[in-house]
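K.L.:
What follows is the residue order along each chain.
Number of protein chains: 2
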Amino acid sequence: MAKPKKEPRPKAETPKGFRDYFGAEVTTRAAMLNAIAGVYHRYGFDALESSAVETVEALGKFLPDVDRPNEGVFAWQDEDEKWLALRYDLTAPLARVYAQHRNDLPTPYRRYAMGPVWRNEKPGPGRFRQFYQCDADTVGTASMAADAEICAMLADALEEVGIPRGDYVVRVNNRKVLNGVLEATGVTEPDQQAAVLRTIDKFDKVGESGVRELLGKGRLDASGAYIDGVGLNEDQAAPVLAFLTSKGGSTAETLANLRVAVGASEMGVQGVNELEEIASLLAAQGYGPDRIVIDPSVVRGLGYYTGPVFEAELTFEILDEKGRPRQFGSVAGGGRYDDLVARFTGQQVPAVGVSIGVDRLLAALHAKGKISGAERGPVVVTVMDRDRMADYQAMVGELRQAGIRAEVYLGNPKHFGNQMKYADRRGSPVAIIAGGDEFAKGVVQIKDLILGAQIAENATVEEWKERPSQYEVPRAGLVDKVRDILAEQS
Amino acid sequence: MAKPKKEPRPKAETPKGFRDYFGAEVTTRAAMLNAIAGVYHRYGFDALESSAVETVEALGKFLPDVDRPNEGVFAWQDEDEKWLALRYDLTAPLARVYAQHRNDLPTPYRRYAMGPVWRNEKPGPGRFRQFYQCDADTVGTASMAADAEICAMLADALEEVGIPRGDYVVRVNNRKVLNGVLEATGVTEPDQQAAVLRTIDKFDKVGESGVRELLGKGRLDASGAYIDGVGLNEDQAAPVLAFLTSKGGSTAETLANLRVAVGASEMGVQGVNELEEIASLLAAQGYGPDRIVIDPSVVRGLGYYTGPVFEAELTFEILDEKGRPRQFGSVAGGGRYDDLVARFTGQQVPAVGVSIGVDRLLAALHAKGKISGAERGPVVVTVMDRDRMADYQAMVGELRQAGIRAEVYLGNPKHFGNQMKYADRRGSPVAIIAGGDEFAKGVVQIKDLILGAQIAENATVEEWKERPSQYEVPRAGLVDKVRDILAEQS
Numbered sequence: 000m001a002k003p004k005k006e007p008r009p010k011a012e013t014p015k016g017f018r019d020y021f022g023a024e025v026t027t028r029a030a031m032l033n034a035i036a037g038v039y040h041r042y043g044f045d046a047l048e049s050s051a052v053e054t055v056e057a058l059g060k061f062l063p064d065v066d067r068p069n070e071g072v073f074a075w076q077d078e079d080e081k082w083l084a085l086r087y088d089l090t091a092p093l094a095r096v097y098a099q100h101r102n103d104l105p106t107p108y109r110r111y112a113m114g115p116v117w118r119n120e121k122p123g124p125g126r127f128r129q130f131y132q133c134d135a136d137t138v139g140t141a142s143m144a145a146d147a148e149i150c151a152m153l154a155d156a157l158e159e160v161g162i163p164r165g166d167y168v169v170r171v172n173n174r175k176v177l178n179g180v181l182e183a184t185g186v187t188e189p190d191q192q193a194a195v196l197r198t199i200d201k202f203d204k205v206g207e208s209g210v211r212e213l214l215g216k217g218r219l220d221a222s223g224a225y226i227d228g229v230g231l232n233e234d235q236a237a238p239v240l241a242f243l244t245s246k247g248g249s250t251a252e253t254l255a256n257l258r259v260a261v262g263a264s265e266m267g268v269q270g271v272n273e274l275e276e277i278a279s280l281l282a283a284q285g286y287g288p289d290r291i292v293i294d295p296s297v298v299r300g301l302g303y304y305t306g307p308v309f310e311a312e313l314t315f316e317i318l319d320e321k322g323r324p325r326q327f328g329s330v331a332g333g334g335r336y337d338d339l340v341a342r343f344t345g346q347q348v349p350a351v352g353v354s355i356g357v358d359r360l361l362a363a364l365h366a367k368g369k370i371s372g373a374e375r376g377p378v379v380v381t382v383m384d385r386d387r388m389a390d391y392q393a394m395v396g397e398l399r400q401a402g403i404r405a406e407v408y409l410g411n412p413k414h415f416g417n418q419m420k421y422a423d424r425r426g427s428p429v430a431i432i433a434g435g436d437e438f439a440k441g442v443v444q445i446k447d448l449i450l451g452a453q454i455a456e457n458a459t460v461e462e463w464k465e466r467p468s469q470y471e472v473p474r475a476g477l478v479d480k481v482r483d484i485l486a487e488q489s
Numbered sequence: 000m001a002k003p004k005k006e007p008r009p010k011a012e013t014p015k016g017f018r019d020y021f022g023a024e025v026t027t028r029a030a031m032l033n034a035i036a037g038v039y040h041r042y043g044f045d046a047l048e049s050s051a052v053e054t055v056e057a058l059g060k061f062l063p064d065v066d067r068p069n070e071g072v073f074a075w076q077d078e079d080e081k082w083l084a085l086r087y088d089l090t091a092p093l094a095r096v097y098a099q100h101r102n103d104l105p106t107p108y109r110r111y112a113m114g115p116v117w118r119n120e121k122p123g124p125g126r127f128r129q130f131y132q133c134d135a136d137t138v139g140t141a142s143m144a145a146d147a148e149i150c151a152m153l154a155d156a157l158e159e160v161g162i163p164r165g166d167y168v169v170r171v172n173n174r175k176v177l178n179g180v181l182e183a184t185g186v187t188e189p190d191q192q193a194a195v196l197r198t199i200d201k202f203d204k205v206g207e208s209g210v211r212e213l214l215g216k217g218r219l220d221a222s223g224a225y226i227d228g229v230g231l232n233e234d235q236a237a238p239v240l241a242f243l244t245s246k247g248g249s250t251a252e253t254l255a256n257l258r259v260a261v262g263a264s265e266m267g268v269q270g271v272n273e274l275e276e277i278a279s280l281l282a283a284q285g286y287g288p289d290r291i292v293i294d295p296s297v298v299r300g301l302g303y304y305t306g307p308v309f310e311a312e313l314t315f316e317i318l319d320e321k322g323r324p325r326q327f328g329s330v331a332g333g334g335r336y337d338d339l340v341a342r343f344t345g346q347q348v349p350a351v352g353v354s355i356g357v358d359r360l361l362a363a364l365h366a367k368g369k370i371s372g373a374e375r376g377p378v379v380v381t382v383m384d385r386d387r388m389a390d391y392q393a394m395v396g397e398l399r400q401a402g403i404r405a406e407v408y409l410g411n412p413k414h415f416g417n418q419m420k421y422a423d424r425r426g427s428p429v430a431i432i433a434g435g436d437e438f439a440k441g442v443v444q445i446k447d448l449i450l451g452a453q454i455a456e457n458a459t460v461e462e463w464k465e466r467p468s469q470y471e472v473p474r475a476g477l478v479d480k481v482r483d484i485l486a487e488q489s
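Protein chains in written order, with numbering that gives the first Met the number 0: chain G, 0 to 489; chain E, 0 to 489.
Any given hint might turn out to be false.
With a Cα cut of at most 30 Å, we get these calculated DSS-like pairs of lysine-lysine [to be verified]:
(1) G:K480 to G:K369
(2) G:K15 to E:K81
(3) E:K81 to G:K121
(4) G:K246 to G:K216
(5) E:K15 to G:K81
(6) E:K121 to G:K81
(7) E:K321 to E:K204
(8) G:K81 to E:K10
(9) G:K420 to G:K369
(10) G:K121 to G:K81
(11) G:K10 to E:K81
(12) E:K369 to E:K413
(13) E:K440 to E:K413
(14) E:K367 to E:K204
(15) G:K15 to E:K15
(16) G:K81 to E:K480
(17) E:K369 to E:K420
These are calculated hints, taken from the structure and not from any lab test.
Make a model of the complete structure from these sequences and hints.
P.N.:
If you want it as structure tokens, here you go:
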């Protein structure tokens, strides 16, 4: 056998745009998703974990360029020349699953899905090519009760993970109302309709006066560039502006304003009726406009969805990178879409769903102090005497039996300082110390590392003497004393 | 713009070898992994979720054929021509992560990881190209306390998920003892050593007499074919047979037998000492040979690992496909391996780990009746009157507030029979029925679907009259009555 060529050492790095998640990053996300899953389950939604790999054919319509199927997704050819790809969201797989299993699934089918998706896009700061999505959808019913249910469930989910009532609002709008408004403008030329839609999308940024200018002659933007307008006259623009600003002091008032905005449009009236039905169904369950509100200024997603559209915003303030207070903003969105399954089966199947931005919501919980970046480390039993390893193992065994996270130091025990440095790096709350003297006396030393660190940083000599952070207790009292210290720390 | 060609409809199917997981399949696995994670966490292990995508370079040495990097793994070329691949286990990523982050990680580094891995292999019945792994490893210590700890943790994890003590045993062997035995045989020629190792691997199948024949002149196998032997004489074969059969009535006896088998081999003696140390550390924590036992007949993985090797076996019986009772068998395995990180850094880093076969353990829990394939469905509030939807929503709202899984029927309510069929398909325990009469009287009908099904199947007319499965209760008593029925059912 020829001697194999010596290969250079591979680089130890994640591919560009990918990252690893450590410790609390994993467990806090899992806990949050678990809490959300509990709410979804209570609403009768079933878990679905679809294959991470799909045929490009099944994802097809979501791909921008069919000649280069790995544009936007990570794709490769199977041994039988079929193109496979990593799912890039959880909606396209739902469409495939529903079409494939529709005879075995209940109708309507309520399902939730949580897991990573992959995007073959240019990574940037905070933009990764693998990230989590968390979706819930109801497939197979056109009933507005399904839309109302998803809004209620979203509100419940936010409260369940720790966003208090008053710190969030779910805003509801309707694409059909917008269509009615378009009819009311009298604009029928598709390109001009599209231009109106694009302008509405800018409402978040440029506000009412900006939209008025952009619908008309045009607008000088902040950079000094002149943006051409759509060219509507004031009468044509009026319904659009009425729509965007129709939110009133009560749901009844908002709905009345919307009825004015859509005028005689049949689709528009239908859209307003749908919003009214959603509001009334929600009111019956006690969800008032303090939690879920009809708000026609929500324009995000209006182009994508076909009926009701919703968005959950967190209304508390955080400081932006320049230290200025601003609202936290959107953490979830969804709506009704009716062309989910048709490309597989030819049949239109109505569906409505919501997607929670997992990383956004985690960031919000961090901002609210609901979760911390570091979890409490284990109690560390230090090794003073290598030959006593069985005794140290017995100690951690007892601690774990009592449900206390604990470990023996398993590095080189020669330098005690390294053991304390290790405990520090682990975020350990307590260290146990027992050498020959302690074993002879039948005791252990228990060091409160949190208190110790506080004292080292702040205390006067007197305090230091009064508040010892190290205790000698009988060996049999080890677990009780550790439990006491942990209880005091938390 | 040219009219786009009409494409044929895509097939709604998972790629070959992939599958979807529904409902209880997802939640029971998640619950099991969550319970295991709790045990691992208590032992001081930190969660790690590495990127699902790695550079082929980082996975490189695990690939059988470097000229065809997508052999065995799913691989593709990135836009900058780099080959990327889906991880095919959780060990190769651990090596990359540890090499990449070693300056920020504690030493030793205890980590657990749970998640899907992907194999580009020929799928078969029950063999999928995406499946879960569940690993725990300690990197950076040669101490046998790490090995003992992992064995104890594995035993705890099995009990935590529902395998009772007595129904499992963790068997421990040591590659170093085997190396010592090889020395004792006097076989030095590498090909002949390899032949001895291959023969030992067959011990599970052919037993002591089979191995004796195969080490010597050869053996007529069950199919009538003659298998050539390794050609050792009886003196040479004796240490191997002594090794494989050295399990005694007590740990002390087993260790004494092993000392005889390894003779003067220094490495063999070291291996026996390691096993002795593990047994003594475990005894100190109360893990006797009823749970973790030194057992030199464990040969699986001996070729791969460099020190202690362990395997968890479930000892209860199940019926095989022909209805014959057999032991459930192995659900986890692991051992010590020391070349994890060296290919990245050039430094040998000692490590020890264990991997639980997620699907195997789930199958075992099913076999023991610890989990069932179906979960209890939601209470279904039926729709007798479309205009009362708000009232029905209020009912499910109250039930959910009380923590009861509940939903309104959102399909077409026209045929009541379809609603009951839906409830049946959902596995619903209870249906709520309220039409005009009920609303007028201020009551609801509550149907116990489980009892109803039992009565329909088994009861006499008398029983049927005595045990009504449908109750009329005041509207205000809805939640209490449902709770009572659910409590009786469980």
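K.L.:
Against this structure, judge whether each hint is valid.
P.N.:
So, going through the hints one by one against the coordinates:
1. G:K480 to G:K369: holds, 28 Å
2. G:K15 to E:K81: holds, 10 Å
3. E:K81 to G:K121: This hinted pair holds, its Cα atoms lying about 15 Å apart.
4. G:K246 to G:K216: holds, 26 Å
5. E:K15 to G:K81: holds, 10 Å
6. E:K121 to G:K81: holds, 15 Å
7. E:K321 to E:K204: Satisfied, since the Cα-Cα distance of roughly 19 Å is no more than 30 Å.
8. G:K81 to E:K10: holds, 13 Å
9. G:K420 to G:K369: With a Cα-Cα distance of about 28 Å, the restraint between G:K420 and G:K369 holds, given a limit of 30 Å.
10. G:K121 to G:K81: holds, 25 Å
11. G:K10 to E:K81: The given pair, whose Cα atoms are some 13 Å apart, holds under the 30 Å limit.
12. E:K369 to E:K413: Roughly 40 Å between the alpha carbons, so the hint for E:K369 and E:K413 is violated.
13. E:K440 to E:K413: Between E:K440 and E:K413 the Cα gap is close to 23 Å, so the pair holds against 30 Å.
14. E:K367 to E:K204: holds, 26 Å
15. G:K15 to E:K15: The hint holds at about 29 Å.
16. G:K81 to E:K480: violated, 56 Å
17. E:K369 to E:K420: holds, 28 Å
Hint compliance for this structure: hints 12, 16 are not met, and every other hint is.
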